[in-house]
Structure formats: structure tokens, C-alpha cells
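Based on the provided sequences and hints, a complete structural model is requested.
Numbering (the working numbering), first residue to last: 1 to 631.
Calculated from the structure, these hints are not laboratory results. Since the model is a prediction, treat every value here as computed from it, not as a measurement. Among the clues, some could well be false.
Said to hold, decoys possible - In the DSBU-like style, the derived pairs of lysine-lysine whose C-alpha atoms are separated by at most 35 Å in a straight line are: (1) Lys317 x Lys603; (2) Lys243 x Lys389; (3) Lys383 x Lys295; (4) Lys45 x Lys72; (5) Lys295 x Lys263; (6) Lys72 x Lys511; (7) Lys295 x Lys243; (8) Lys243 x Lys47; (9) Lys389 x Lys76; (10) Lys243 x Lys76; (11) Lys317 x Lys243; (12) Lys537 x Lys438; (13) Lys263 x Lys147; (14) Lys603 x Lys309.
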Amino acid sequence: MTATRATNRIPPTTERPASPPPATNSRPTASKPTKPTIPDICKAKVKPLLLVGVDGFRWDFFNRGFSPNISKFAAKGVRAEYMESVFPTKTFPNLYTIVTGLYPAYHGIVANSFYDPVYNQRFFMGSRNATQSRWWGGEPIWVTARKHNLKSATYFWVGSASEIAGYRPNYWYLYDGAVSFMDRVDQFFKWIEMPEDERPTMMILYFDEPDVAARRHGPDSPEVNEQIKVIDDLMGAILHGLKERGMQDCVNIILTANHGIRKTCCNRIIYFDKYINTTNVSVRNSGGFGDIQTKSGNVDEVVEQLRCKNKHWKVFKREELPIRMHYYDNRRIPEIVVLPDSNWIVRPSYDPDFTSCHGANHGWNNLDPDMRTIFIAGGPAFKSGLIIKPFLNIEIYNLMATILNVSPAKNNGTLGRLHHILKNPPPISKSSASLPGKVCRVPQESAILAVRQNCTECICSFCHFRISILARHAHITTYIYLNEKDNTAPSLRANLTRSNEALKMTAEQEKHSEQHNLPWGVPKYENAMDTCTLYHKQYISGYSNIYHIPLFAGYFLSDKESTASPNKDTCYHRDIRLDIATQTSNCSNYVNSSYEKGHLMPKSDVSFDVVTQSNSNMLSNIVPLHAAFKT
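Put into C-alpha cells, the structure is as follows:
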């Protein structure tokens, strides 16, 4: 093939032969350098960054023992326990999320194929119109680099053949599966050997294995293990080639993937036409997730025909999907989304010619463990020998922008979220106006504390009796919401005592809580606000003394903790660290309203800790919640 050129001409040294050699993904060897060491690349203020994307490399493939080069690379750099993909866990949405930092609903590539009702056209990679700019939202990292006068180069990354915001990479190729993996690695070395004024700083390589092998043969097949070895040898070739050129400490490398993969079975397929007339709808996607667009707008009717009719799926109207999936606000997302259980897939109807169910698939809920993937990074910017907690792939864009020393475009990631893996991270904010709220603690003055503890006014009319009972038995009077029919006063009294004592945290305990729950720092406010930062052992929150509601809550939740059973404690009470006047979200506000008392810090997420769960019932954690959302 011949290199497809952007506006800037590709130098002759990078042009490919007209007839490429036959594709082979057999285990490669590193090409020989055409030059000795190139010292100027190591002296550059901004070191080159190589993003390597491998398709379908599930997080646990790393542990199979077939990737010694990747293991060595990880040991010398940074490795995440795993990385979460975004929903849907499909190739194009996730590859484009990695380079933009946006959820699919915001960058527009909402599936591998989709329909746009305004354009009245269908998108799928390989279609004649797929490179049109109008499909591609957001700002991919190669565009960000070019806007900051850095050159960029891509080899087969999603979106890189399209002009986006007026830019393409300086060097790019139309996708051609006939190009061998090693040819792509050789091109990387040609790029870094270019003269300084032509050499790209941001480079991206894409490889479609082990996904292809897994979908054909299953994730546990010998064929997948062989492709893991191929990917490992490619990384070995890159690392060895850099060492031969004296650049092993001069190039930053990120190795990641778009999604995981799961084995499928042909006897675990749910067919839509068993429940609905599929001629009256358009089934836009099937497999690990399905979506349906009605032709006559009868969304409720179709949902009713599908919902609860099969125990192995969940059916949602688009707007009813869990908010954490961020899969709603885009016209390209169909009206109905169907989420099958793990190991099940959905199809429009039975097709005897459909046999790919014998292999593997992806697309399921992004919290599914088999949809997890890898993140490994190394080079002069990264710390060494570090294993970090999981994170979502929307964070990679900001990380790359930081390494390239460029300002990121607006995105869904958190700037600074991955600063802890860098040797010399820059300040997160240059604005002197951005400051965290003051820390509010249990008052030391006994008079103030007494006022907050010994208030005789009860917020809820039905609390008077129970308050007096608690006062007699425990000499405690505080604002609490209890049902008069409840006979658990001794237990609640004990919980309240422990709850208030737990609020008395030392400076060391506050520091530990921050490191555990907000490792990238307490949120700051751009404008001066009357707020309180409130520390707990298991979470940290920010409270507005103006609006009388919490503004944020941050916490860390492990897999083990997330499976704990919830405690039934419903003792709502005031926070003694806050002035009484700032806590007016009382029971009377909720009477005859459409709102319920909602927990900003989810009560169920701290069910493993009785004291913290009790404190999650404080007014400093309560926000008005539409009754329909109360579970």
C-alpha cells in the first residue's frame, strides 16, 4: 500500500512499498536500526509518546504466562490491576474514548455501527462515508497535539483517517488488514528516526489481536494464547529496538486495550422475535447488548412486551439506563437498550447460518469482570514498579496531554486523576482562586457543642416521643428521625454515640482518609464559597452552608466491600460539626412533596461499616431525591 498523506507531506523515508508483503502475525523480530543513537530525541523537552492499542486483551490474559516482555515492561513501569472500558464495551466506542476522554454519548461513536436520524445515514467502519468529519465529535489527542504545534502519527486508529476540527495526524494510514503487525512496528522506528523538524511526538499503533482469535476460537483457546505471544513479541521488538538505538529511556509508552472478551455458547441466545414483531422495529445492535428503535414511536408498548419476559436480560428505555453508564444524551442511541446477562447474547431472530456464537463476544455491561482490560505504561515520565487501583479509560486522554505538556480539550476525565503515576506531575490547577473548602470539625468549645447536642426542638412531629426516650436512657438529645412504633431505641442510642465519637478525627486520621478516599486531592472551588469539608473514615464530603446540602462525596470501594449486605439503620440526625442554622433539610420539607431523602454518599456502599453507615444518615449527606428514584 502507499501511505495516505495528510496536509503535511510524508517524507520519502516513511513511504510504504506499493505492494506490501503478505500479512503475517507470526512472532516477529525487531528490525535493525538504520542509524546509531539519535541523541536529540533524548534531549527534547517533550519526550515522544507511543500509544499501543491491542484489541480484546482481557485483563487476566496478562497472568497466563505467555507475555514475558510485557511483564518485564510492567515491572519497570506502572500497571493497573485492570482498566474499565466504557459502555458499550465495543471496539470503536472505546478506542475513540481512549483518545478523546469522552463517553460515547458525547463523542458520537455510540457503537460499532449506528444510525443517525438527522443525517438519515448508517455509520459503520469501512463504509464510504465513515471518514466524514460530521460523525466524529470531541478532540482526539492527535488533534490536541497538532493544535500545540506537535506532530502526530497514527497507524490504523479509529478516527485518524478523518479530518476532525480541521486536522488530521501529520502521518496516517487508511485501514488495511493486509499490513503485517511487524510492518507497523517498523514504521514506528522510521518515525522516530526522522529529522527533528519532521519527527512526530505523538504516535499511535493499533493491532486487532487477540480479539480476532478470541471471537473465532474462544478466549481460552490455544489460538488466543498464540496471539498473546505475538503481541508480547511486538512489545519486545519495540523495547529492544529502542534499546539498540539508545532511546530506551527517552520514549514514553502506554500499552492498553479497548475491552475484554467472553466465551459465548449457541444455546444461550435470546431472540427478540419471540416477544415482539421485529418487522415493526429496527434492531440496531445485537450480541453482548442490544438496542431497538421503534418505527411508530410505541416505545412503552415494546418495552412492556420485552421487560420481565425473560430472566436473562434487563430492558431499559434509553433514559432509564443507570446514570453511571452515560449512555443517553445522543440521538444516535436507539430508544430501547437491552442488557443480557453474562454468557447470554441477544439476536433479532434465529438464523441457521449464524455460527459465530461458538467463539466469543463483547459489548456487555462495563462493570462485567470479563470486559476489563489492561493498562501498562513506562518511560521517563512514569514511576517504576507501581501497581495502581483500577480506573476508567476516559482518564487516558488527560494523562497523554499531561505527558505531552499540552492543554487538554474538554472531556469527561478528571484532570490529575493519574498524576500519582508520574514522576514529576504538574500542578493540577494554576488558578489561585481555586481553593478547597474549610475543614469543619467537632467544636472544642463546650458551649457550642452543647447547643448543637441539646436542642429541644424536634424536626419531625413524630419524633417527640422517641427523642424523650433516648434522652432518658442515654442523656443524648439530638435531631433524629425515628418511627414511634420502632422499639430499637437502645441499639439506636448506641449507634448515635458511636457516630458522634467517630466524627472526632485526628489530623493523622484525616490525612489517611484523604489518601484512601480522594488520592488525587480534595476538590477545589473556582469561586469563593461558604463550604465545609467533612472527613469520615470511609468517605469525605463537601457541604454548602449557603444551599444547606452536600456538594460532593468521594470514597473508595473495594470489590469485597461492595458486596456487603446493607444495614437497616434509618436514624437520620444532624451533623454536630455544622451550625444548626445551616441544616434546614428537615422532615417538613418532604411531607406531601414528590421528594425523598436521598444519600449523596450511597448508604449501601458503606454497609460494611456500621458507624459510617449511621453517619451517612446525617443531614450533611442528605439531598432531595425524586421519589421515583428511591430504591
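Here is how each hint holds up against the structure:
{"no.": "1", "hint": "Lys317 x Lys603", "verdict": "holds (26 Å)"}
{"no.": "2", "hint": "Lys243 x Lys389", "verdict": "holds (30 Å)"}
{"no.": "3", "hint": "Lys383 x Lys295", "verdict": "violated (54 Å)"}
{"no.": "4", "hint": "Lys45 x Lys72", "verdict": "holds (27 Å)"}
{"no.": "5", "hint": "Lys295 x Lys263", "verdict": "holds (33 Å)"}
{"no.": "6", "hint": "Lys72 x Lys511", "verdict": "holds (34 Å)"}
{"no.": "7", "hint": "Lys295 x Lys243", "verdict": "violated (59 Å)"}
{"no.": "8", "hint": "Lys243 x Lys47", "verdict": "holds (16 Å)"}
{"no.": "9", "hint": "Lys389 x Lys76", "verdict": "holds (17 Å)"}
{"no.": "10", "hint": "Lys243 x Lys76", "verdict": "holds (14 Å)"}
{"no.": "11", "hint": "Lys317 x Lys243", "verdict": "violated (54 Å)"}
{"no.": "12", "hint": "Lys537 x Lys438", "verdict": "holds (18 Å)"}
{"no.": "13", "hint": "Lys263 x Lys147", "verdict": "violated (43 Å)"}
{"no.": "14", "hint": "Lys603 x Lys309", "verdict": "holds (31 Å)"}
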